[in-house]
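Q: Sequence:
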Amino acid sequence: MVVRGKLVLPFPYFSDFCWNGGQAGEEYPFPFAHVTVRGENGENVEGFADCSGVYEIQGVVSTHCVLYAQREGVVIAKGISDLRSDGINEAGVVNAYSTAQVAIFEAAFRLYPQSVYFRDIPNFTPSEALVRLVEEVLRRGGNPLEDQSVQEEAHRLIDVWFGD
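So for the sequence shown, our numbering puts the first residue at 1; every next one is plus one.
Calculated from the structure, these hints are not laboratory results.
Built from N, CA and C at the ideal position, the CB exists for glycine as well.
Certain hints may be false.
Distance ranges between label pairs, derived from CB positions [unchecked claim]:
no.	residue 1	residue 2	range
1	R4	R156	32 to 38 Å
2	W19	F48	14 to 20 Å
3	S127	V2	30 to 36 Å
4	L111	P12	33 to 39 Å
5	D16	S115	39 to 45 Å
6	D16	R119	31 to 37 Å
7	E128	G92	17 to 23 Å
8	E26	G47	23 to 29 Å
9	N41	Y112	19 to 25 Å
10	E152	E43	29 to 35 Å
11	Y112	Q58	29 to 35 Å
12	P12	S115	16 to 22 Å
All chains, full assembly: derive it from the sequences and hints.
A: Put into structure tokens, the structure is as follows:
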């Protein structure tokens, strides 16, 4: 299967991006990031984004997966579900919001590993506070998925939704 989409950051952290037909707005391309698609069956397929943040990864086997894009410590992610074996699967934009969804998934998976699946990620609705925390970590050039404040807010949401 082929997965295609665009990586964006909430600000122009890397200066070597190109617009490639786009224009300045609220999100900026995440250029030349290393992209890993981790499938629910355990496979990892890798590739790179171009200067405009566009990626196309071939050889994905699983129907549900998580995409991680990283460069120089900056990481964004997205859960992708219901991939088709025919044609190109347009995954859309990978951004701070989708990274917050993955943060929720990772927090839930640590607590309930037998109850949470890759296919659930697009259904998680992060709080505005969580998205802002992810954006702040990205602004500092970090990995939101490893940031303590992001993890704590994701755990708080899991406790509210699934707590005892």
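Q: Next, verify each hint and record whether it holds.
A: Okay, the hints, checked on the actual structure:
no., hint, result
1, R4 - R156: 32 to 38 Å, "holds, 34 Å"
2, W19 - F48: 14 to 20 Å, "holds, 18 Å"
3, S127 - V2: 30 to 36 Å, "holds, 33 Å"
4, L111 - P12: 33 to 39 Å, "holds, 36 Å"
5, D16 - S115: 39 to 45 Å, "holds, 42 Å"
6, D16 - R119: 31 to 37 Å, "holds, 35 Å"
7, E128 - G92: 17 to 23 Å, "holds, 20 Å"
8, E26 - G47: 23 to 29 Å, "holds, 26 Å"
9, N41 - Y112: 19 to 25 Å, "holds, 20 Å"
10, E152 - E43: 29 to 35 Å, "holds, 31 Å"
11, Y112 - Q58: 29 to 35 Å, "holds, 33 Å"
12, P12 - S115: 16 to 22 Å, "violated, 39 Å"
Of the numbered hints given earlier, the model fails hint 12 alone.
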